[in-house]
Every structure is written in structure tokens, then in C-alpha cells.
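Read off the chains here:
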Amino acid sequence: MSPLIEVQDLTKKYGSFVAVDHANFAVEPGRIVGLIGPNGAGKTSILRALLGLTSYQGRLRVLGLEPLRARAQLMRQACFIADVAVLPAWLRVDQAVDFVAGIHPRFRRDRAQALLQKAQIKPSSRIRELSKGMKTQVHLALTMAIDAKLLVLDEPILGVDLLARRSFYDSLVNDYMDETRTILITTHQVEEVENLLTDVLFMDKGRIVLDASSAAIAARFSAVAVTAERLQAARSLGPFHERRALGKTVMYYDGADPGVLVAFGDVHTPSVADLFVAKLSGGGA
Amino acid sequence: MSTYRWLIRRELWENRAIWICPAVIGAVLVLAALFGRVDVELPATAPRGPAVGGLLLFALGAVFVVVLSIYCAWYLLDCLHADRKDRSILFWKSLPIGDAATVLAKLATALIVIPVVYFAVADLATLLIAFIISIRASSWFGASLWRADLWLQLQALWLYLIVTAGIWFLPVAAWLMLVSAFAKRAVTLWSILPPLALIWLERMFFGTHEIAKQLSNRLLTGYPRTAFHDIPGPVFTGSHAAPGQGVDSLSVWPLLDPLGFLTNPATWIGAAVAAALIVLAIRLRARSTEL
Numbered sequence: 001m002s003p004l005i006e007v008q009d010l011t012k013k014y015g016s017f018v019a020v021d022h023a024n025f026a027v028e029p030g031r032i033v034g035l036i037g038p039n040g041a042g043k044t045s046i047l048r049a050l051l052g053l054t055s056y057q058g059r060l061r062v063l064g065l066e067p068l069r070a071r072a073q074l075m076r077q078a079c080f081i082a083d084v085a086v087l088p089a090w091l092r093v094d095q096a097v098d099f100v101a102g103i104h105p106r107f108r109r110d111r112a113q114a115l116l117q118k119a120q121i122k123p124s125s126r127i128r129e130l131s132k133g134m135k136t137q138v139h140l141a142l143t144m145a146i147d148a149k150l151l152v153l154d155e156p157i158l159g160v161d162l163l164a165r166r167s168f169y170d171s172l173v174n175d176y177m178d179e180t181r182t183i184l185i186t187t188h189q190v191e192e193v194e195n196l197l198t199d200v201l202f203m204d205k206g207r208i209v210l211d212a213s214s215a216a217i218a219a220r221f222s223a224v225a226v227t228a229e230r231l232q233a234a235r236s237l238g239p240f241h242e243r244r245a246l247g248k249t250v251m252y253y254d255g256a257d258p259g260v261l262v263a264f265g266d267v268h269t270p271s272v273a274d275l276f277v278a279k280l281s282g283g284g285a
Numbered sequence: 001m002s003t004y005r006w007l008i009r010r011e012l013w014e015n016r017a018i019w020i021c022p023a024v025i026g027a028v029l030v031l032a033a034l035f036g037r038v039d040v041e042l043p044a045t046a047p048r049g050p051a052v053g054g055l056l057l058f059a060l061g062a063v064f065v066v067v068l069s070i071y072c073a074w075y076l077l078d079c080l081h082a083d084r085k086d087r088s089i090l091f092w093k094s095l096p097i098g099d100a101a102t103v104l105a106k107l108a109t110a111l112i113v114i115p116v117v118y119f120a121v122a123d124l125a126t127l128l129i130a131f132i133i134s135i136r137a138s139s140w141f142g143a144s145l146w147r148a149d150l151w152l153q154l155q156a157l158w159l160y161l162i163v164t165a166g167i168w169f170l171p172v173a174a175w176l177m178l179v180s181a182f183a184k185r186a187v188t189l190w191s192i193l194p195p196l197a198l199i200w201l202e203r204m205f206f207g208t209h210e211i212a213k214q215l216s217n218r219l220l221t222g223y224p225r226t227a228f229h230d231i232p233g234p235v236f237t238g239s240h241a242a243p244g245q246g247v248d249s250l251s252v253w254p255l256l257d258p259l260g261f262l263t264n265p266a267t268w269i270g271a272a273v274a275a276a277l278i279v280l281a282i283r284l285r286a287r288s289t290e291l
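In order, the protein sequences belong to chains A and B.
Its first residue numbered 1, the first sequence is counted upward by one per residue in our numbering.
Its first residue numbered 1, the second sequence is counted upward by one per residue in our numbering.
Bear in mind the hints are in silico, worked out from the structure with no lab data behind them.
Treat the hints with care, as some may be off.
[Stated by the list, open to error] Mimicking DSS-like on lysine-lysine, the simulated pairs with C-alpha atoms at most 25 Å apart in a straight line are:
no., chain 1, residue 1, chain 2, residue 2
1, A, LYS205, A, LYS248
2, A, LYS279, A, LYS205
3, A, LYS132, B, LYS85
4, A, LYS132, A, LYS118
5, B, LYS85, A, LYS13
6, A, LYS122, A, LYS132
7, A, LYS205, A, LYS13
8, A, LYS13, B, LYS184
9, B, LYS85, B, LYS184
[Said to hold, decoys possible] With beta-carbon atoms standing in for the labels, derived distance ranges:
no., chain 1, residue 1, chain 2, residue 2, range
10, A, LEU163, B, ALA32, 20 to 28 Å
11, B, ARG287, A, GLU179, 43 to 51 Å
12, B, VAL66, A, ASP161, 47 to 55 Å
13, A, ARG108, B, HIS229, 53 to 61 Å
14, A, LEU162, B, PRO195, 51 to 59 Å
15, B, ALA32, A, LEU162, 57 to 65 Å
16, B, LEU152, A, GLN73, 58 to 66 Å
17, B, LEU12, A, LEU162, 35 to 43 Å
18, A, ARG106, B, LEU12, 50 to 58 Å
19, B, LEU124, A, PHE17, 55 to 63 Å
A quick note: this is a predicted structure, and the numbers were derived from the prediction, not measured.
Glycine is no exception: its CB is placed at the ideal position from the N, C-alpha and C atoms.
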């Protein structure tokens, strides 16, 4: 089976600024991929290119289509929330449901209505009357009701409170996700999504700095809390990052043998959030 | 086809002024007919008779046509700009709608849907006003409003205007849409300044006024000259509007020149220019996101 998303040498420039610098990656169907990076890393530029919203250099195929040329066709099978609070202020919630139902062949009205009801949003409200969190809920309800092969979410839960965020991610995994679907998600709040990701892509300064499945991360990366007297010995094994914590130094290794590391202290698999910090603060070693 | 139906419905949801504006004008005119003075003392030399009523009906229509033209220009300038400004373009583009469909639906809204709405509201208002006046005013005036041939002419003139003006002003509409798709701000200035700059450059370097002539022809003088007969036929018939005498009827039929309009090269050159501008607007739309 060919990849759902293929990105080869993708470059996006704004004037002389290079937002995406020769990115390469592929996403297979049935995965939940986290595209993670600091502000200005180029995440949004990659998403926009994937969704046919912007021009780019390089080769790009999403569901076998060239996004910029065939955006309308692509959107029959893919859907996205490119940013929060982009629903037009003048639109009424029931009009939004009617419109998407009229336009989109894969939209399931009953599902959207159930989600809106759960979020306690009145169909007669105008978007401008809703709080930021509720606007996001409406957008999520419209998007999640589409039977899409690819769902792209850019900071999808901004402005939504903790309870609603949890319930959104739960329903994303339990109700929405199945082996025919693929989700690409970017967020600042790595901790909230790391348990649902099957793959992570780290981005920094326009480059993909890590492209690995969660399973591969567990196999590849280790973190050890080292006491001061073993510091030199631990350093000799070449950690790529060090961090001081509670009087010990946590060292992060890529591809080191846990059997060897165990001599220096407790070995654990770093969380995606820790790994993200470790990878992107770079140096240290 | 159902995509276009939804896109046009969307335009009516967003731009409620499309029907509110003519409804308000209609309401004001109806109120004026209800409470204003309707029995105007005509000087003894003024013509009386059916044609006077006819003139009133056409004058009412003209009020709507003036507002309609201004509103359409505003709508076209705004239509590809507003959703970039409020960022909702990111929502619309997440739906399976081609950029060509989006642009063409908006063009059709401006040149067909909005004029038809104005036509319908104007007709309804005119009917009400004629009814009110025929009750309140003196009998000859009231009677002059209820002539089947007058009403038929009114409908025909509206339809003729919608079709011919829609075609004649296509390049103007397309230019406004292109500006709307292109400009980041100050859409009004962008719509006016480039043509003015061209006129000025032509005068500077060639000392000619060809562009100015073409533009004023397209915007002002060209339409009546192309769609209507140069020398109006006898609009007033009967006793030829001699002072103090009755005027039997009023006829717009001799004025209309559909054949001349459709066979005039200017009509189709304009349409071709419009097609090119629309293609450009669609291309711009395909590459644009929020501002």
C-alpha cells in the first residue's frame, strides 16, 4: 500500500525566509502522527502545503493527489481545522450544518448534531455569539462528522477547557479513529497528545529533526538519572542532551544499550515531551 | 449544480443586505405613498392621462436600479476579500468546493441573484404604491396607473436591463472581483487607482486619451448607446404630449435594441476581457489564504 502522504524535498520560502527546508517524510494509513515543533518551526507551512492552501517547491502527494491543483477533490476525502476561530462570525450553527451537509458527500448530519448537543450549543446561535471554546467545539463537531480518510488538525483545542480537551481526545481515539483513517495533528501541548500518537515528527527551523514511531522511540531513546560521581563515565557514552533535575543529571541517549546504561542509574524511556525538549534544546552534551 | 445552489444560499445568508436594502427602500416609498401628498397640483399646461402614471412607475423602478448598481459594486469588491480578512477562508477551503465554483457563484450572485431580488421587491413595492395612490389620489391619476400594457413594459424593461446590463458590465464586475481577490486592504482605492494611473501614463507618454475614452464608454455612455436605440422612437403616443392635452400611452418598446446589442462587437469584446479577468481572479483565489 502506498503512503497516504508523501513529502519529498518540500521547501517553502517567504521571500528570503525559508519556512520549510527540504523536508522529507511519509505517512502510512492508520497512523496518528504528531507534528511537533516550537513556534515558527514550519509546522503550519507544511500543513498548508499538504492541504493545497499554498504554493511550494518539491514533490507532494496526499491521497495520491497534488494538493494545490486538486484541493477540491482532496477535500472530499480529507478534512482539516487549519486554525481556531475561523468560522465566519455571521454564520448560524444550523446554517453551518446545512451547508456542510449540502456540500460534503461524506458528512453525517446526525453525528454533527449529536456532538453539538453534547457541547450544549444551540443550533440557532450565531458564531459571533459563542465563546472561543464553543466556536472550536462547533468546528470540531463539523469536522468530526465527516467520514474522511485524512484528518489534519492544527492546534485544534486552543481555547477549549481541560474537560472538553480530554473528552475530545478520548472521542478522537475511541469513536473516530480506525484503521482506515489517518490523523495529522500539531499542538503545543505535547503532554496531552503523546499517549495517542503512533508516530512523531519533530520540526525545528524548517527541518524535520526526528521522524519515528512511538515504538521506535521506546527502542531507540533512553534517559538515565545519573548521580554526580558517575557523571564522567556516563558522559563518555555520548548523551545528546543533559538536564539537571533534583540534584541528579538526566542524560538522554540515542541508540545506547539500556543494559549498559543501567550501571549509571534508573533507565527509562523519555516521554515525547521530554524528548522534544532534549532534541530541540540541542547541544548540552 | 447543487454546489452552486448552496454557494448562492451562503451568499444570501452572509449578505442579508441583498434583500434588506431593497425592502427598506420599498417600505420607505410605500410609507411616502401612504402619508405623503399624492394629489399634486399640476399646472394647467402639464400633460395628463395614462402616461403620467407610467412615468411614476418607471421612476420608482429607477430608484431601485440606482441603489442596485451601487450595492452590486460594493458586493463585488468585498466578496473575495471579506473571508480573507476574517480568516474564514480557511474554513471554506476545508470543504470540497473548487475555487472556480466559489468565484463564479459570487459573480452570478452579483449579476443575476441580486438584480432579480431587487426586481421582485421593486415590483411588489410598485404594486402596493399604485394601489395606495389609486385610492388616495384623484381619479384620473389613479386610473392611469392600472394599465396592463404599462405593467408588461415595466417587467420587460427590468428583464432587459438585467440581461443586457449584466453582459455589458461583465468586465467591470470582473475587474472588481479581481481587485477583491488581490488587494490586501483598501479595495476601493485599488479598484480606482490603477485605471487612473493608466490614463495618466497614456497621456504622459503618448498624449492620447484612448484608455479614458474606452473606460468612460464602458462605464457611462456605452451602455445606453449599445442596448437602446439612438434616436428614441415616439415614447409618448396619442396627442403627442401637446400642452394641456391628454397623453394616451407610453411605450418603451421602440427604445429597446436587443439585436443591436447582441451584434455589437463591443458587447463581446467586453465579455472576453471579463473572462480573462475572471480566470485571473480564480487563480489568485486558489493561492490565497487569510491576510
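(message) Range first: 55 to 63 Å. Now tell me if the beta carbons of B/LEU124 and A/PHE17 are that far apart.
(response) holds, 57 Å
(message) Quick check: does the Cβ-Cβ distance between B/LEU12 and A/LEU162 fall within 35 to 43 Å?
(response) 40 Å Cβ-Cβ, so the 35 to 43 Å window holds.
(request) For the pair supplied as a hint, B/LYS85 and A/LYS13, confirm whether the alpha-carbon distance does not exceed 25 Å. (result) holds, 22 Å
(request) Take the C-alpha atoms of B/LYS85 and B/LYS184, compute the straight-line distance between them, and say whether it is at most 25 Å. (result) Within the cut-off at roughly 8 Å; holds.
(message) Quick check: does the Cβ-Cβ distance between A/ARG108 and B/HIS229 fall within 53 to 61 Å?
(response) For B/HIS229 against A/ARG108, whose Cβ atoms are near 59 Å apart, the range 53 to 61 Å holds.
(request) Mind checking the hinted window 20 to 28 Å against the Cβ distance between A/LEU163 and B/ALA32? (result) Check failed, 58 Å falls outside 20 to 28 Å.
(request) Starting from A/LYS122, check that the Cα of A/LYS132 is at most 25 Å away, please. (result) holds, 15 Å
(message) Just to be sure I understand the hint, the distance between the Cβ atoms of A/ARG106 and B/LEU12 should be within 50 to 58 Å; is that true here?
(response) violated, 25 Å
(request) Mind checking the hinted window 51 to 59 Å against the Cβ distance between A/LEU162 and B/PRO195? (result) holds, 56 Å
(message) What's the verdict on A/LYS132 and A/LYS118, does the C-alpha distance respect the 25 Å limit or exceed it?
(response) holds, 17 Å
(request) Take the C-beta atom of B/LEU152 and the C-beta atom of A/GLN73, compute their distance, and say whether it sits inside 58 to 66 Å. (result) violated, 48 Å
(message) Run the distance test for A/LYS205 versus A/LYS13: straight-line Cα separation, threshold 25 Å.
(response) Roughly 12 Å between the alpha carbons, so the hint for A/LYS205 and A/LYS13 holds.
Comparing the model with each numbered hint stated earlier shows that hints 1, 10, 11, 16, 18 do not hold.
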